[in-house]
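Asks: Chains as they are written, first to last, in the working numbering: chain A, 1 to 271; chain B, 1 to 295.
Treat the hints with care, since some could be wrong.
As the list claims (entries may be wrong) - Calculated cross-link-like contacts (lysine-lysine; reagent style DSS-like; alpha-carbon spacing at most 30 Å):
| id | chain 1 | residue 1 | chain 2 | residue 2 |
| --- | --- | --- | --- | --- |
| 1 | A | Lys47 | B | Lys251 |
| 2 | B | Lys196 | B | Lys251 |
| 3 | B | Lys193 | B | Lys251 |
| 4 | A | Lys235 | A | Lys245 |
| 5 | A | Lys47 | B | Lys188 |
By construction, these hints were calculated from the structure, which means they are not laboratory data. Everything numeric in this text was worked out from a predicted model, so none of it was measured.
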Amino acid sequence: MTIAEPLKSTNWWGKFELEEGELGHWCVGPLELWIRRANQDWRYGSKRSENPVENRLQVDVPWNSRGSERALPEEEARFGVAKTGSTIELAPLLADRPVVARPAVPFFVPPGEKVDVFLSTPLWVQLRVGKSALAEVPCFRPSDTWFGSNTRGELSYSSRTHLRRNLANVEHRPHRAISCLSIENNAKENLALERLSLPVPQLSIFASPTGSLWTEHVSVRNEEDGDLSEVSLGKGPPREAGNGKLIAPPRSPLGRSFGSLIFGGLFEVGN
Amino acid sequence: MLIEERLTETAEAVAWYANITALDWARAAAVLIVGWWISRLVASRVSSLVADRVGLQTSMLLRRAILYLGTLLAFTFALHQLNFSLTVLLGAAGVLTVAIGFASQTSASNIISGLFLLGERPFSLGDIVQIGGTTGEVLSIDLLSIHLRTFDNIFVRIPNESVIKSEVRTLSRFPIRRYDLQVGVAYKEDIAKVRKVLLDIADRNPLCLEEPHPLIIFQGFGDSSVNLQFSVWAARENFLDLRNQTADEVKRRFEEEGIEIPFPHRTLYSGAVTAPHPVHVLHSVGTEAGQSPSS
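Can you make the complete structure from the sequences, with help from the hints?
Replies: Written as structure tokens, this is what we have:
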């Protein structure tokens with residue numbers, strides 16, 4: 001089934017049952033994924049379309065490739081096990097590096113103001129069997145970018161989408177998760193939001209009842225002194241996600257308090 | 001008087017040597033071997049324990065320092081087992097230092113250069129460096145030399161003295177690198193269109209960093225082309241991939257867009273008013289013997 005927006009409750013993630021010799025087929029945005037269960041190994045192949053904003057969502061488990069227009073991938077990866085079980089799990093993950101985004105036009109937050117902005121970031125699909133993760137594949141491979149000076153900084157992904165003020169302008173896509181950021185400027189001067197690095201490896205994913213994916217609410221407070229801002233994470237799903245359910249914990253849970261990490265450059269508002 | 005002293009010293013030395021039993025020799029050998037073995041064990045354990053915290057190079061230095069110090073101590077204890085007076089050895093060391101110093105100037109220079117290298121730390125173990133004309137991965141930094149493995153898998157030893165005197169380029173020091181592609185386009189081309197195509201190539205390649213932004217720098221009007229420099233950034237580990245992909249992609253896209261990459265041209269200029277040079281191809285008309293074809 002292919003869906004149009006808004007998303008329905010059909011999920012591409014979760015546990016799926018496959019008999020021996022059967023094939024599963026998933027289309028998640030630009031990503032097309034095949035998983036085959038053999039007697040002693042799991043095989044998977046993937047293909048990505050050129051269009052990064054392709055909005056497909058299709059799950060066929062089991063999938064009969066006969067008569068289908070979609071050809072099987074030429075190359076498959078194999079994961080050998082003593083004996084394959086009947087269950088394979090697909091889990092969404094956020095990117096493994098921070099994502100850097102910009103507003104579409106120069107954006108300033110005047111002193112004393114608090115605004116909300118929205119950003120959607122691409123997801124990775126993780127294949128799991130039992131407790132073992134077999135492979136990870138990005139739904140869309142974002143461009144690399146660098147956040148920092150030429151000698152010090154952090155390798156990040158560049159977001160192709162801009163920061164949005166209005167949630168209605170953010171498309172709910174099956175292969176992207178939406179983050180809501182509240183930015184509060186307590187300084188006496190305008191805060192220029194040139195670019196923003198969102199530390200997605202530290203965020204969780206929540207699924208709203210409509211099937212759209214969200215991360216925690218992130219609050220950034222720009223204080224009077226200095227370039228660094230105070231950041232805090234909301235607990236649980238954001239208000240916009242309604243009664244959202246946690247479906248993926250963070251890749252790199254925070255060991256220390258979020259506040260102390262700000263000074264390690266975890267989250268910087270463009271300078 | 002002097003002769004008497006020398007004779008006494010010699011007699012003492014002979015007496016000392018004569019008093020050493022086979023058991024003393026065995027004890028000294030055992031102390032030396034066990035001491036060396038323990039030093040090696042301790043050095044290896046300590047270095048592996050601290051390797052994660054202090055880095056590969058410091059842990060290697062620590063391992064060597066512990067090994068050398070331990071071996072020296074074991075040697076001293078072994079001499080002590082033989083009732084050897086260390087003051088004699090230290091007295092002789094002064095004379096020996098001068099003699100050895102003259103004989104091993106190069107080695108001493110390398111050792112001192114090595115100490116400076118360790119202090120300055122222009123590179124560490126595992127770094128990719130370019131020294132003189134050699135590029136490779138640093139395998140070890142020793143007292144006398146550094147060892148490199150080149151990319152065609154050749155082991156290269158470079159004396160520390162040469163390293164100190166040469167320009168050393170550490171290619172893996174910073175996490176991102178820039179690749180500069182020199183490209184020339186024909187004079188007839190629209191430079192704005194060329195810029196657009198080049199920026200699009202950078203934009204479509206996920207390995208090309210969006211920031212720092214790709215650069216297109218005008219390099220001058222060449223003999224046959226307008227010369228541009230196309231500079232793109234990549235994470236260090238993706239540098240080689242980006243370098244190859246960019247060159248391929250530029251050629252492919254220029255062909256698709258009809259942008260000419262010219263080869264050297266020569267235009268003949270015959271005077272103030274340049275009219276096309278008339279060219280006539282004349283067939284041989286010499287029908288008579290000895291008549292040469294005219295042109």
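Asks: Going through the earlier hints one by one, which of them does the structure break, listed in rising order?
Replies: 5
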